[in-house]
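Engineer: As a plain string of letters, each chain reads:
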Amino acid sequence: MKFAIALFSAAHAPSSRRALLFAQAALAGGHEIVRLFFYQDGVYNASGSVVTPQDEQDLPKQWRNFVSEHQLDGVVCIAAALRRGVLNEEEAQRYQREAVAVGAPWELSGLGQLHDAVQDADRLICFGGA
Amino acid sequence: MSTLHVLSHSPFGNDRLSSCLRVIGANDALLLSGDAAYALQPGTAPFTTLQARSLKLFVLGEDAQARALEVPDWAKAIDYPAFVELSIHYDKVNSWL
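Line by line, the protein sequences give chains D and P.
Following my numbering, the numbering of the first sequence begins with 1177 at its first residue and continues without gaps.
Following my numbering, the numbering of the second sequence begins with 143 at its first residue and continues without gaps.
In short, the hints are calculated from the structure, not lab data.
Since the model is a prediction, treat every value here as computed from it, not as a measurement.
There could be a bad hint or two in this list.
As the list claims (entries may be wrong) - For each label pair, taking beta carbons as the anchor points, the in silico distance ranges come out as:
#, chain 1, residue 1, chain 2, residue 2, range
1, D, E1283, P, D215, 45 to 51 Å
2, D, Y1271, P, S144, 42 to 48 Å
3, P, E227, D, Q1295, 22 to 28 Å
Said to hold, decoys possible - Part of the chain D face toward chain P, derived, beta carbon under 7 Å:
#, residue
4, M1177
5, P1190
6, S1191
7, L1197
8, F1198
9, A1201
10, A1202
11, I1301
12, C1302
13, G1304
14, A1306
C-beta atoms are modelled at their ideal positions from N, C-alpha and C, and glycine is treated no differently.
Bound conformation, chain P alone (with noise of 0.2 Å):
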């Protein structure tokens, strides 16, 4: 059994990034959204905490793109057809609302 999490809050506001890390299991994948692409700052905490992981990392590009965030090589930009493939690539969709 898989999971895809999906964030949509600034992880700077909020505990869901640490608690979704704290959950995830080694099958599953982090997709970023939203505000939640603000993870991908560098040189703060939640950039180096994901970067330290080596999880399945993703995020919409144009959220990152709308926030001006490089995406680094170990995280994968996606749009929404492929949002939709990881959806069913994973068994379960776990949003963290």
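With the rest of the complex left out, here is chain D (with noise of 0.2 Å):
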């Protein structure tokens, strides 16, 4: 079963911890996540300047690991990245902004990414809000 998974809060939310377990369980059981698209206040989850507190769980951390150890397609909306001073090298240069924030294994790209999974996927999970 081929599964998108789409993630809608920052990564201090609790949503965003339940969005990982899903994609963790889905991969133990066999399936494949063709995409992961972080839209909105998602896009944090993709950040490398997120400092988390030292008792509280490293979601940021969580996910790049994830990503990077199942070479995943960890697509981050770009409108929505730019928004929040969520850039990539190519964006902070075009901008001329000095913050870099993300980097590999995540991508930049359109919203076109998430309805593009959807159309390859037998299911489209949405995680956000609380």
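The two chains are supplied separately, each in an independent frame; assemble them into the complex guided by the hints.
Structural biologist: Here's what the structure looks like:
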């Protein structure tokens, strides 16, 4: 079974952790994740600038490790990322900003990537809110 | 066509649960996650409403446990592998973001 997973909430929201646990369980169950799409505040999960308190789950790091380890297609909405200052090298140069927050394994791209993933997947699962 | 409805907000802060219960179909199911698990707090209006409806009702076990909520016999506690299987069993998953 092919899953597309969309995440709408920031790294410190409980729903982001649930999305990760769902994604891990999907792969452990022998299923495929065709794409992870981080939208709206979900883009913060891809930020390398987030500093998580020591006694809390470091979701951005856990996502990064998960995506790298399984070589998943992790896409961050570029419009949502730009307005939140979550830039990769290319965008930082384009808009002449100093802070680069996103690198591999993430890719900044458009909302069309979510639409495309939904066409390819058997199920779209969204996480966000509380 | 069947749908798994997923709630994550507390039923005491907004109308998502009642909106969901208005549209939920006979073949659908409801999964309570995060603060939505508070709907299983005995003696409350959401608890009474859910108890009176013969829904297919699930709750993420760790979210109920983290809130010291006992899972009544008309709901089923599930883990993440079971969540994945539920999302496959139903044709669509609708998250009430």
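Engineer: Look at each hint and say if it fits the structure.
Structural biologist: Hints, one by one, checked against the model:
Evaluation of the 45 to 51 Å hint for E1283(D) and D215(P) yields a pass: the beta carbon distance comes to about 47 Å. At about 46 Å, the beta-carbon gap between Y1271(D) and S144(P) stays in the expected band of 42 to 48 Å. Checked against the hint of 22 to 28 Å, the C-beta distance between E227(P) and Q1295(D) comes to roughly 23 Å, which is consistent with it. Hint status for M1177(D): holds, given a least beta-carbon distance of 5 Å to chain P, under 7 Å.
A hinted interface residue such as P1190(D) counts as satisfied when its beta carbon comes closer than 7 Å to some beta carbon of chain P; here the least separation is about 5 Å, so the hint holds. Residue-level restraint check for S1191(D) holds (minimum Cβ-Cβ distance to chain P is 6 Å; threshold 7 Å). Against a cut-off of 7 Å between C-beta atoms, the interface hint on L1197(D) holds, since the closest Cβ of chain P lies about 5 Å away. With a cut of 7 Å, the hint placing F1198(D) at the interface with chain P holds, because the nearest CB-to-CB distance is about 6 Å.
Residue-level restraint check for A1201(D) holds (minimum Cβ-Cβ distance to chain P is 4 Å; threshold 7 Å). This hint holds: A1202(D) has a C-beta 5 Å from the nearest C-beta of chain P, less than the 7 Å allowed. Taken as an interface hint, I1301(D) checks out: its beta carbon lies about 5 Å from the nearest beta carbon of chain P, inside 7 Å. Hint status for C1302(D) relative to chain P: holds, with the closest Cβ pair at about 4 Å, below 7 Å.
The closest approach between the C-beta of G1304(D) and any C-beta of chain P is roughly 4 Å, which is under the 7 Å cut-off, so the hint is satisfied. A cut of 7 Å between beta carbons decides the hint on A1306(D): the least distance to chain P is about 5 Å, and the hint holds.
When held up to the earlier numbered hints, the structure conflicts with none and fits them all.
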